[in-house]
Amino acid sequence: MSAINRAQFLRRAAALGLITTAGITTTAAAASPKLALRGVAYDTGGGPAEEDSRARWRNSTMRGEIHAIRHRLHANWVSIYGSDVRRLIDTATAALEEGLTVSIQPRSFDEPQAAELEKLRKVAVEAERLRRRHGQEVILVVGCEFMLFTPGIVPGANFYERVEYLTKGEFDMAELQRKFRAFTARMVKVARSNFHGRITYGAASDLEQVDWSIFDIVGLDYYSYHANRADHTKELARFRRWGKPILILEFGCCTFTGAAELGGMGWDIVDYSGDVPVIPPQYVRNEQEQADHLANMLGVFTDEGFLGASPYTFISPDAPHRPHDLPHDEDMAAFSLCKVLRMHDGDPASPYHWIPKKSFHAVSAFYRRQGS
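Here the sequence shown stands for residues -30 to -1, 1 to 342, where the numbers follow mature numbering (1 follows the signal peptide of the UniProt record, and there is no 0).
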């Protein structure tokens, strides 16, 4: 399913009226002059309905992209996520060898809870091995947005049915939160039993009421848009009450005029009703808007004194750029810092090459300044 992912569907659910957690007014901490962790999200593959966002996977390609993250993007952290355990660990190994801090996040789509627990156990064991072997920090992210992706919390046989159930608004939120917290506690127990570094979770911050006391770091996927920074400070204030470092695991926007305001709903411009995805003609490609938004949000997170932030995402090979076929330029609805050109356009498993967008250069310049 080109250019659609879990964070994007979450934004759709929120836009249709899902309950949000109540804000808690606090005094903002003193701003830090730098982000300690300056990262980018990196997808190793996976997706709903057994689809693979990285249909073409080669370790040599991955290593080249990780090298670029370190030496061209000037990041010092990579937030690695995906469904395949081997790909996760291979990518984490490559990143550690480049001198990067890594966070490792196994993602499951509609897998039974027992299977998710076992996948996390395998990842935790491997992550602990890497943590002991390398000098850089390894952070374990126990998962993300369980209310959407894990069966047994929200009614629904699959991801899509759970989203539909939540958008109807006829549910007992207290009961859903009870099931969510019970499963989260089980995942944390597995993580702590096999991994001895810091752990966090990729929270649907406007849906899930996470008990952050059982984690070391507050982890957020944050796609909100505000015209001024004070409103970001107000929205994010409730997470300070836990007294823990705050790490933005995802943020960003797509690549067209108006994308910043749409936030995580930017993908929704695509018309999927036909045989191939179509970008309606009223949307205009705009790499500068994406670049400006990412630079602004990095400034917000720096001023908030957060531990770090990683734009979503480095590359989206499942949303190719078609510069001479604008109605089918799927990269317009992608959040990635790089645009992908396939050797064989219609084949998701085709070899490809990537070109930095303006957002890549904006993030690179920000990180280079902060790292100097």
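The hints are simulated quantities; they were obtained by calculation from the structure and are not laboratory data. Treat the hints with care, as some may be off.
In the DSSO-like style, the derived pairs of lysine-lysine whose C-alpha atoms are separated by at most 27 Å in a straight line are [what the hints assert, rightly or not]:
{"id": "1", "residue 1": "K159", "residue 2": "K204"}
{"id": "2", "residue 1": "K159", "residue 2": "K92"}
{"id": "3", "residue 1": "K159", "residue 2": "K149"}
{"id": "4", "residue 1": "K89", "residue 2": "K159"}
{"id": "5", "residue 1": "K214", "residue 2": "K4"}
{"id": "6", "residue 1": "K328", "residue 2": "K4"}
{"id": "7", "residue 1": "K4", "residue 2": "K92"}
Please list, smallest to largest, the hint numbers that this structure does not respect. 1, 7
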